[in-house]
Amino acid sequence: MIKKLLISPLGWLLGILLSLGICMAALFLGSIDVQTLMNTDIGSKILWDIRVPRVLLAFVIGASLSLAGVLIQSNVRNPLADPSLIGVSAGAALGAALMIVLADSVDFQAQYYIPIAAFIGGILATMAVLKLGRNDMPGGMALLILAGIAINVVAASLIGLLTYLATDSALRLITFWSLGSLASANYFWLILCSIALLLVCIWLPRQHRKLDAILLGQAEANTMGVDVKRLQIQSIVFVALLAALAVSACGIIGFIGLVTPHIGRMLIGASHRFLLPLSFFLGGSLLVIADGIARTIIAPAELPIGIVTALIGAPVFIWLLIREGKRLQW
Amino acid sequence: MVMKINGLSLKRNGKHILKNISGELEGGKIIALLGPNGAGKSTLIQSMARLLECEGDIELQGQAITNFSAEKLAQNLAYLPQHSQLQFPLEVEEVLSLATLPFALTKLQQRQQVKQVIQDWGIEPLAHKDFRQLSGGEQQRCQIARTYLQLSNMKHINESREVGCGLWLLDEPSSSLDLEHQQQLQKVCRQAANEGHCVIIVLHDLNQALHLADDVWLLQEGKLRAQGSVTDVMTEELISEVFNVTARRIEDSGKYFFIFS
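In order, the protein sequence lines correspond to chains A and B. Here the numbering used here runs 36 ahead of the position in the first sequence, where the first position is 1. Here the numbering used here runs 1 ahead of the position in the second sequence, where the first position is 1.
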């Protein structure tokens, strides 16, 4: 029933309207209501320069991480994969931590350079994983995941090392970064992340049946007219782009990329024709909601959004594991 | 000729898995690949599907197989792997519709073909089920149906009529099928051959091979031990020697059977 509705043209309308509604509602959330904000100069500045880009960035990043999750899970045919698995997030976090500690020791205003360092770290880590995991044999994807795990471990231990070198204030910043926050949202990152998301959305519509074929298996896909290697490389480049930009803009936000594709599949199945658009709307909306919770629940202070997504995502994930385990008797 | 293999060899860890295999695959024939475990049957069929890199030349429809794009390859051969595992909830109908992926068909044509194949194979009750929840035999039937649908789209015009020209590679398709569906599979293989396709089938049941195949390629330790028509190759001596059993071939009303002891 839900599936029929969601995959009908009405489903698109529903997705757009619901997402718009959630974004609007999030705009109204805050210590001062929108009406009051609109009436003063400083108020409208707060609205347009802080709340609007923040809500929109939350949506764009949620959608990006969610699509990246679908792509990586389908390509490695592993329901437990997510973008952080291929090392992007860890590399980006390492870049950021390195910049924070360096800047702190030479007393240099680093906040604009931290995201750039994160982006470079993310791309470098992904390149390292690709290099390590390069394997022309079928099944090379397993090697890729192992390489991702290795890079994650290396990055995590280096960040651990950096926290010993860091001063108290730098340590605080590193923690903030690794838990993620949308507090520093601005139009620069909104536009950059939107462009990346748009590129992926232009590329995706022609790939959905090929991605379905990969789900059946590499050999099957290869003999069903899919250039598997090419599709996998393209997918990984896009995943790296989306995830590295997301981490650069707002730190590590876990679980969105892992959990939303699963929620989508539970609702409508694994066929990418419907799963991709659903994940887009679902991921975006979920992150807007999570950000809403993060900035209001202990107002005037705010929680790192990574904590909110992990607190919601982890139980959902455990429940998923138990449910899948029962159904398929792994 | 659908495929021509010349001097095919494949090494893994310095050991020959396949050694100097040559042969021709003609349309309209069912060819059984036989041999004991580890003889290289699956490796050979995977090489034919261009899934493994190997030495030697393989020509598909008169052109080197390495020159085919992924799409064009899928327009000329369909491959059923021995095992396949789906981790995600795709419906049977969605799995079947993937068979039309390499061909330029309209949405309507795709839907009609899928509907037809579901009807032909009697899998209507399964059509909207999660593929992962089917039994092993049901999954195998759906996969055979999928590859058959892909095969049946491979046609070319010959003497102003449409003739099948595809290569159907089946790796142990009957391992978990019940008797009824084994017979259905045999019927479909014969039908595909009659339409002009070439069917390559890996079998363990020698009696099934005797009844179904036209030609046999007998593999032993990666080498082609014998190659030829069923009755020529499947002799008591050769089968006994290659499979290391005592085999007796008996004849009953014009048909041969093997009895093993």
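Among these hints, one or two may not hold up.
According to the in silico footprint, chain A covers these stretches of chain B (three or more CB under 8 Å from chain A) [said to hold, decoys possible]:
1. 77 to 88
2. 93 to 100
In silico DSBU-like links for lysine-lysine, alpha-carbon gap of 30 Å or less [as the list claims (entries may be wrong)]:
3. B:LYS256 x B:LYS20
4. B:LYS130 x B:LYS30
5. B:LYS188 x A:LYS265
6. B:LYS156 x B:LYS73
7. B:LYS5 x B:LYS16
8. A:LYS39 x B:LYS108
9. A:LYS265 x B:LYS156
10. B:LYS30 x B:LYS73
11. B:LYS188 x B:LYS73
12. B:LYS130 x A:LYS40
13. B:LYS108 x B:LYS73
14. B:LYS5 x B:LYS188
15. A:LYS81 x B:LYS256
16. B:LYS5 x B:LYS20
17. B:LYS16 x B:LYS188
18. B:LYS256 x A:LYS265
19. A:LYS265 x A:LYS167
20. B:LYS73 x B:LYS20
21. B:LYS116 x A:LYS40
22. B:LYS156 x B:LYS116
23. B:LYS20 x A:LYS39
24. A:LYS265 x B:LYS5
25. B:LYS156 x B:LYS188
26. A:LYS167 x B:LYS12
27. B:LYS224 x B:LYS108
28. A:LYS167 x B:LYS156
29. B:LYS188 x B:LYS130
30. A:LYS40 x B:LYS188
31. B:LYS256 x B:LYS224
32. A:LYS265 x B:LYS73
33. B:LYS5 x B:LYS108
34. B:LYS130 x B:LYS108
35. B:LYS116 x A:LYS39
36. B:LYS256 x B:LYS30
37. A:LYS265 x B:LYS108
38. B:LYS116 x B:LYS73
39. B:LYS188 x B:LYS30
40. B:LYS108 x B:LYS156
Hints listed in this document are in silico derivations from the structure and should not be mistaken for laboratory results. We treat Cβ as the ideally placed atom computed from N, Cα and C, and that holds for glycine.
The hints, checked one at a time:
no.: 1; hint: 77 to 88; in the structure: holds (count 8)
no.: 2; hint: 93 to 100; in the structure: holds (count 4)
no.: 3; hint: B:LYS256 x B:LYS20; in the structure: 33 Å, violated
no.: 4; hint: B:LYS130 x B:LYS30; in the structure: 35 Å, violated
no.: 5; hint: B:LYS188 x A:LYS265; in the structure: 36 Å, violated
no.: 6; hint: B:LYS156 x B:LYS73; in the structure: 13 Å, holds
no.: 7; hint: B:LYS5 x B:LYS16; in the structure: 24 Å, holds
no.: 8; hint: A:LYS39 x B:LYS108; in the structure: 20 Å, holds
no.: 9; hint: A:LYS265 x B:LYS156; in the structure: 28 Å, holds
no.: 10; hint: B:LYS30 x B:LYS73; in the structure: 22 Å, holds
no.: 11; hint: B:LYS188 x B:LYS73; in the structure: 28 Å, holds
no.: 12; hint: B:LYS130 x A:LYS40; in the structure: 15 Å, holds
no.: 13; hint: B:LYS108 x B:LYS73; in the structure: 20 Å, holds
no.: 14; hint: B:LYS5 x B:LYS188; in the structure: 26 Å, holds
no.: 15; hint: A:LYS81 x B:LYS256; in the structure: 91 Å, violated
no.: 16; hint: B:LYS5 x B:LYS20; in the structure: 16 Å, holds
no.: 17; hint: B:LYS16 x B:LYS188; in the structure: 38 Å, violated
no.: 18; hint: B:LYS256 x A:LYS265; in the structure: 48 Å, violated
no.: 19; hint: A:LYS265 x A:LYS167; in the structure: 14 Å, holds
no.: 20; hint: B:LYS73 x B:LYS20; in the structure: 28 Å, holds
no.: 21; hint: B:LYS116 x A:LYS40; in the structure: 19 Å, holds
no.: 22; hint: B:LYS156 x B:LYS116; in the structure: 20 Å, holds
no.: 23; hint: B:LYS20 x A:LYS39; in the structure: 52 Å, violated
no.: 24; hint: A:LYS265 x B:LYS5; in the structure: 26 Å, holds
no.: 25; hint: B:LYS156 x B:LYS188; in the structure: 20 Å, holds
no.: 26; hint: A:LYS167 x B:LYS12; in the structure: 25 Å, holds
no.: 27; hint: B:LYS224 x B:LYS108; in the structure: 45 Å, violated
no.: 28; hint: A:LYS167 x B:LYS156; in the structure: 42 Å, violated
no.: 29; hint: B:LYS188 x B:LYS130; in the structure: 26 Å, holds
no.: 30; hint: A:LYS40 x B:LYS188; in the structure: 37 Å, violated
no.: 31; hint: B:LYS256 x B:LYS224; in the structure: 29 Å, holds
no.: 32; hint: A:LYS265 x B:LYS73; in the structure: 16 Å, holds
no.: 33; hint: B:LYS5 x B:LYS108; in the structure: 35 Å, violated
no.: 34; hint: B:LYS130 x B:LYS108; in the structure: 21 Å, holds
no.: 35; hint: B:LYS116 x A:LYS39; in the structure: 21 Å, holds
no.: 36; hint: B:LYS256 x B:LYS30; in the structure: 19 Å, holds
no.: 37; hint: A:LYS265 x B:LYS108; in the structure: 27 Å, holds
no.: 38; hint: B:LYS116 x B:LYS73; in the structure: 25 Å, holds
no.: 39; hint: B:LYS188 x B:LYS30; in the structure: 13 Å, holds
no.: 40; hint: B:LYS108 x B:LYS156; in the structure: 20 Å, holds
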